[in-house]
Amino acid sequence: MAIQRPAGEFDFSYAYDMATIRRRWQWVMLLLFLAGLYTLPLYASRSVVSLVNRIGISIIAVQGLNLLTGYTGQISIGQAAFMTAGGYISALLVNNLGWPFPAALPVAALGAGLVGLIFGLPSLRVKGFYLTMATLAAQFIIPWFTRQAFPEVLNGAQGLNVNVPVIFGIEFNEPGKYIYLTLTTLIITTVIAHNISRSRLGRAFVAIRDNDLAAELLGVNLFKYKLQAFFLAAVYAGVAGSLMAHHLRHINSETFNLVDSVLLLGMLVVGGLGTNLGAIVGAIVVEFIIEGATLSAPFFVELFPATAAGMIQALRPLFFGVTLMLFLIFEPRGLAHRWQLFKAAWRLRPFSH
Amino acid sequence: MNWQLLPQFALTGILAGGPIALIALGLVLIFKSSYIFNFAQGQLLLLGALFTWYFSIELELNLWLSIFLAVAVMALIGFAIERFALRPMTGQPLLSIILMTLGLSQALQGLALLVFGGAQRNFPQIFSAGDPYKITTPLVHEGNNIILILKQNLVWSFVVAVIGVIIIGGFFQYTRTGLAMRATSEDHELAQSTGLRIRRIFGISWGLAGVVATVGGVLLATSSGLDLSLSLVVLAAFPAVLLGGLDSIPGTVAGGLLIGLSQGLVKVSKVPIVRNSAEIMPYVVLMIVLLIRPEGLFGQKRIERI
Chain A
199 MAIQRPAGEF DFSYAYDMAT IRRRWQWVML LLFLAGLYTL PLYASRSVVS
249 LVNRIGISII AVQGLNLLTG YTGQISIGQA AFMTAGGYIS ALLVNNLGWP
299 FPAALPVAAL GAGLVGLIFG LPSLRVKGFY LTMATLAAQF IIPWFTRQAF
349 PEVLNGAQGL NVNVPVIFGI EFNEPGKYIY LTLTTLIITT VIAHNISRSR
399 LGRAFVAIRD NDLAAELLGV NLFKYKLQAF FLAAVYAGVA GSLMAHHLRH
449 INSETFNLVD SVLLLGMLVV GGLGTNLGAI VGAIVVEFII EGATLSAPFF
499 VELFPATAAG MIQALRPLFF GVTLMLFLIF EPRGLAHRWQ LFKAAWRLRP
549 FSH
Chain B
24 MNWQLLPQFA LTGILAGGPI ALIALGLVLI FKSSYIFNFA QGQLLLLGAL
74 FTWYFSIELE LNLWLSIFLA VAVMALIGFA IERFALRPMT GQPLLSIILM
124 TLGLSQALQG LALLVFGGAQ RNFPQIFSAG DPYKITTPLV HEGNNIILIL
174 KQNLVWSFVV AVIGVIIIGG FFQYTRTGLA MRATSEDHEL AQSTGLRIRR
224 IFGISWGLAG VVATVGGVLL ATSSGLDLSL SLVVLAAFPA VLLGGLDSIP
274 GTVAGGLLIG LSQGLVKVSK VPIVRNSAEI MPYVVLMIVL LIRPEGLFGQ
324 KRIERI
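Residue numbers (our numbering), protein chains in the order written: chain A, 199 to 551; chain B, 24 to 329.
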């Protein structure tokens with residue numbers, strides 16, 4: 199599908215063939231869009247900016263999960279645990295060692311990546327459902343570790359208060375400023391994820407997903423590439439966790455929990471597995487649905503007055519769960535696939551076949 | 024190690040493993056027939072207990088009648104889930120099916136909170152809260168015989184769980200429907216070609232899973248009270264199923280007891296961090312088993328491995 203170009207458009211050079219953004223008007227659109235995002239704090243309300251911030255961070259985590267689950271086909275329900283790891287490492291580096299945030303972020307990402315490697319080790323022996331259970335183990339063992347180990351440093355179940363990131367004397371202490379950190383990181387992670395997916399590494403991942411025996415026969419070292427996928431997914435989770443911890447300015451073992459892991463997987467499925475567009479679209483759509491659950495709470499309070507207090511906690515999983523189930527039944531390949539179909543139909547118009 | 028506590032905690036652990044084994048059995052029921060691992064089992068458990076609470080406390084029915092009604096409602100819900108959520112998933116990849124049950128778990132959890140509210144509830148006592156049983160052992164510590172103290176709740180829950188396991192095991196082994204379910208688990212197409220209606224069998228196994236979940240939920244709620252976190256108990260049962268090898272009933276029972284035992288044993292330790300590791304012990308045991316013996320302790324060696 200991807201090869202299909204609009205009528206009248208030809209590749210005159212390899213560089214043009216490989217380019218992601220091909221036309222000048224596409225560059226203009228992209229830059230206008232980014233400019234719109236970067237100037238968001240100037241015209242949007244605080245809650246909107248905060249939502250965009252959260253969406254941005256979710257996208258980063260989903261991009262990592264997409265490399266592991268979407269491209270390599272290893273199902274993980276432990277992504278939030280690696281976010282916990284990244285968040286804690288970053289918080290400790292900034293709080294206790296006084297590191298600047300731009301240095302702490304990559305180190306936290308690498309640290310989370312190493313934790314991810316440990317829990318990727320069972321991929322040596324098992325796959326499919328059994329491996330999923332190993333990632334579920336991460337989801338229990340890592341938060342437990344932060345609660346129980348080194349109470350004088352990690353402060354047990356209370357968690358840590360995280361310092362505001364300061365870069366060049368600027369304090370990123372409110373959503374309107376923090377969004378610049380999120381967006382800049384998001385652009386970098388998007389470019390990296392996109393390029394991984396179309397390099398040798400990404401092709402090896404896809405080969406493992408589609409048929410691991412055939413991939414091994416072709417010389418793809420299964421264990422090495424699976425571990426790399428686990429590592430990359432956890433690095434992305436570490437970045438997202440670090441960003442979120444400094445955004446919330448607090449982290450404990452429950453900041454990123456099992457439900458968040460399920461949520462991230464759900465975002466990936468809603469967007470479309472194994473597509474870079476899907477990771478972005480899915481995170482946006484699911485975050486909007488959850489926001490919709492929050493906004494529609496007053497309406498449901500009238501219907502179920504007994505639950506008034508816990509209404510938002512009830513509606514969020516309900517909305518998300520139902521959305522996920524409907525997508526799995528009616529659009530299992532996600533919104534990215536639907537978008538591809540739409541583009542193809544538009545290019546062939548008026549001859550749809 | 025506080026050695027004198029060892030017999031007490033080992034025994035308590037094994038007894039606590041009984042309900043875990045029963046809950047795990049609900050998972051095996053579904054997996055054996057349809058190769059679906061039901062992440063929503065915890066929510067079925069929760070709903071079963073909530074319905075029992077609703078019939079007995081809110082509607083003030085007889086306790087046994089309300090358990091019976093709850094079992095009936097949950098069997099219907101099990102059928103409905105299979106029909107409307109899982110059947111469209113037939114032939115879909117593993118990820119879709121896993122996500123379907125995960126989405127289901129989220130939806131049911133939200134629904135339970137929406138309809139029943141999130142308050143902690145008093146659940147009717149099924150077993151009398153009388154004096155705990157005391158067993159004097161021949162083991163001697165500091166001149167005194169070690170006395171094991173067992174709560175009545177714990178013992179009777181264990182007994183009910185064991186009876187439940189025996190009934191289900193017998194059902195699988197000796198009834199025609201059980202035979203049909205075992206045949207279906209061997210090979211769907213082959214079973215269908217011999218005239219078994221495998222759709223109906225999937226439905227029956229989901230209905231049965233709802234029944235088992237209700238019994239498990241009632242057992243847990245009667246000993247530890249009822250609130251929405253009841254669904255989390257199942258997270259200890261997932262590893263029990265894998266330890267047993269996913270499709271073996273005796274293996275699952277052994278897995279459940281082993282998990283209970285491991286949780287009991289770490290409590291004997293004097294080191295605080297080990298003592299507090301009871302909640303993750305199922306998953307530590309799971310990781311070890313996955314690395315050493317991925318097919319589980321009793322499973323058949325046909326699982327996907329590399």
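A couple of the hints might just be wrong.
As the list claims (entries may be wrong) - Sample of chain B residues lacking proximity to chain A, with all beta carbon distances greater than 10 Å (derived): (1) E83; (2) V256; (3) S285; (4) Y306.
What the hints assert, rightly or not - Partial list, derived from the structure: chain B residues whose beta carbon lies under 10 Å from chain A: (5) A98; (6) I100; (7) F102; (8) A103; (9) F107; (10) L125; (11) S128.
To be verified - Covered by chain A, per the in silico footprint, the following chain B stretches (three or more residues, Cβ under 8 Å): (12) 111 to 124; (13) 296 to 303.
Derived from the structure by calculation, the hints contain no laboratory data. Since the model is a prediction, treat every value here as computed from it, not as a measurement. Note that the Cβ used here is the ideal one computed from N, Cα and C, for glycine as well.
Is the nearest Cβ of chain A still more than 10 Å from the Cβ of B:Y306? violated, 4 Å
Minimum beta-carbon distance criterion (10 Å), B:A103 to chain A: Status violated, d = 13 Å.
Would the hint on B:S128 stand, with a C-beta cut-off of 10 Å toward chain A? For B:S128, the interface hint holds, since the closest Cβ of chain A sits about 7 Å away, which is under 10 Å.
Over 10 Å to the closest beta carbon of chain A is the bar; see if B:V256 clears it. Label holds. Min Cβ-Cβ 13 Å, cutoff 10 Å.
Taking 8 Å as the C-beta cutoff, is the stated coverage of the segment 111 to 124 of chain B by chain A satisfied by three or more residues? holds (count 9)
Given B:F102 as an interface hint, is its Cβ closer than 10 Å to any Cβ of chain A? violated, 17 Å
Once the shortest beta carbon distance from B:A98 to chain A is found, is it less than 10 Å? With a closest approach of 21 Å, the B:A98 hint is violated.
Per-stretch coverage check for the segment 296 to 303 of chain B, three Cβ contacts closer than 8 Å to chain A: With 5 residues in contact (Cβ-Cβ under 8 Å with chain A), the coverage given for the segment 296 to 303 of chain B holds.
Would the non-interface assignment of B:E83 survive a Cβ cutoff of 10 Å against chain A? holds, 18 Å
Would you settle whether the hint for B:I100 is holds or violated, based on the nearest Cβ-Cβ distance to chain A being less than 10 Å? violated, 15 Å
Is the nearest Cβ of chain A still more than 10 Å from the Cβ of B:S285? The assertion about B:S285 holds, with a minimum of 14 Å to chain A.
Given B:F107 was flagged as interface, is its beta-carbon under 10 Å from a beta-carbon of chain A? holds, 9 Å
In the structure shown, a violation is registered for the earlier hints numbered 4, 5, 6, 7 and 8, in ascending order.
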